[in-house]
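J.: Here are the chains, one letter per residue:
Number of protein chains: 2
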Amino acid sequence: MSTLNRARIVAAAVDLIEREGADAISMRRIAAELGVGVMSLYNHVPNKSALLDGVAEAVLSEIEFTDDPSAHWTDRVRIQARAFRQIAHHYPRSTMVVVSRQLRSPAGMLPAERALATLRDAGFEGGEAVRMLRMFIAYIVGSLLREVGVTPTFAPVRPDAPVAEADPALFPELSARAQELGACDHEAEFEFGLELLVQAMAVRLGERGLSGHETA
Amino acid sequence: MSTLNRARIVAAAVDLIEREGADAISMRRIAAELGVGVMSLYNHVPNKSALLDGVAEAVLSEIEFTDDPSAHWTDRVRIQARAFRQIAHHYPRSTMVVVSRQLRSPAGMLPAERALATLRDAGFEGGEAVRMLRMFIAYIVGSLLREVGVTPTFAPVRPDAPVAEADPALFPELSARAQELGACDHEAEFEFGLELLVQAMAVRLGERGLSGHETA
DNA sequence: CCCGTCTACGTACACCGTACGTACGTCACC
DNA sequence: GGTGACGTACGTACGGTGTACGTAGACGGG
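Protein sequence lines correspond, in order, to chains L and W.
Mapping of the first sequence onto full-length UniProt numbering: position 52 corresponds to residue 52, and the numbering continues sequentially without gaps.
Mapping of the second sequence onto full-length UniProt numbering: position 148 corresponds to residue 148, and the numbering continues sequentially without gaps.
These are computed hints drawn from the structure, not numbers from a lab.
All C-beta atoms, glycine included, are put in the ideal place defined by N, C-alpha and C.
Hints may be right or wrong, so weigh each one.
[What the hints assert, rightly or not] Now the stretches of chain W that chain L is said to cover, found in silico as 3 or more residues with beta-carbon under 8 Å:
hint, region
1, 100–108
2, 179–186
[What the hints assert, rightly or not] Simulated DEER-style distance windows between Cβ atoms:
hint, chain 1, residue 1, chain 2, residue 2, range
3, L, 169, W, 185, 40 to 46 Å
4, W, 90, L, 61, 35 to 41 Å
5, W, 15, L, 65, 21 to 27 Å
6, W, 24, L, 28, 18 to 24 Å
7, W, 185, L, 48, 54 to 60 Å
8, W, 6, L, 155, 36 to 42 Å
Can you make the complete structure from the sequences, with help from the hints?
T.: Shown next, in the form of structure tokens:
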């Protein structure tokens, strides 16, 4: 009812993606959602790609980064990683567009800025801090894509169909592990890798055993 | 010229993707590439989605998995990870479709089967082996997506434009690290994370320091 | 009053995936 | 040698897509 603007369009796009999936999104659908003609959107958004950038930006800027510089760096890393994973919970179907559009805007840069600050405080100097950052991003992106179903979990195809899925002769390991492969507790999986990475980083700093948490 | 079949269609699709990118692919373009009518494709492929599965399968089945069960498990892990990364080199623009289609076919299962076998030989029992596998896949997928440009490297936008990109006041860390962020040697980055993960796994096994390679 | 600017909108074009109907070449069987 | 069934290739058509372009109305300043 109120006047059209970029924020309303982006919000409608996010809603639509979450309701019907990223594939279902189209300029026509969004316009219909807003009760507006298709071409009216182009008064506020140059094209669909820019709109998706807006979606990524909107989702990304909702991440709560509460960084406490006085905390131990391992906990700061954990908190930042978990904050990023929130998007996979709040906006699961938007996750793919968030991670696949590289933003130059503040919202897109802030997570990296925070992470680099933490890594510097932890004691990593320039080159190594950047490598750590990139490794962490790779792990988080890969984890989120699994969590939202883009990437496989290797769960035997149907949740039903007792256990047997793959031919045990061809795939003995997969068959033997069908039990564990069948369930995928995304939070537990994420925490497992996170802990492993944090410990690996601590080792790299020569601080073995100081990470502050025992692993499950 | 020879008769149409699924393999020829898939091959044409892979070629087209590599030449013009995954977005440029369409049934009409593929048909034109093969010099046939669009609908002729549907005699051999039920729909576009199945065709993309075929693309993923074709690319995946070209990975060379030369697993030497007598080698140290750390080297086996390294070799398998690198083998997987080959696809990002040989078929960069197909990488996204490879990682985003979950295949139930042998070609799709084999890498996981091999990895689980290696992890078992290394001494990881059921549940932990599966978690290690998933963590490794997450890291590799995330790394490949960065390598093929889906995900950001945080390189200051243009390779030119000396160094300054972000506002140093807002993003002091990013600005200070602009040098290191500007360059992204994908092989070195991949190896860095790989080594970190392998060492973390070794620590988990209580085998500290036996990983067999020093890191750069 | 008039004119420039901005917003909303309709139409149109090129392209997409694919359902459907059809024509034709090949082979089995009588 | 028919002759029918079948599989492959193909054309047409429908409903969808992103968006270029032209138009019409609202609004504010001279």
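J.: Now, for every hint given, state plainly whether the structure supports it.
T.: Now the hints, each set against the structure:
{"no.": "1", "hint": "100–108", "result": "holds (count 6)"}
{"no.": "2", "hint": "179–186", "result": "holds (count 4)"}
{"no.": "3", "hint": "169/L x 185/W: 40 to 46 Å", "result": "holds, 42 Å"}
{"no.": "4", "hint": "90/W x 61/L: 35 to 41 Å", "result": "holds, 38 Å"}
{"no.": "5", "hint": "15/W x 65/L: 21 to 27 Å", "result": "violated, 44 Å"}
{"no.": "6", "hint": "24/W x 28/L: 18 to 24 Å", "result": "holds, 23 Å"}
{"no.": "7", "hint": "185/W x 48/L: 54 to 60 Å", "result": "violated, 33 Å"}
{"no.": "8", "hint": "6/W x 155/L: 36 to 42 Å", "result": "violated, 27 Å"}
Comparing the model with each numbered hint stated earlier shows that hints 5, 7, 8 do not hold.
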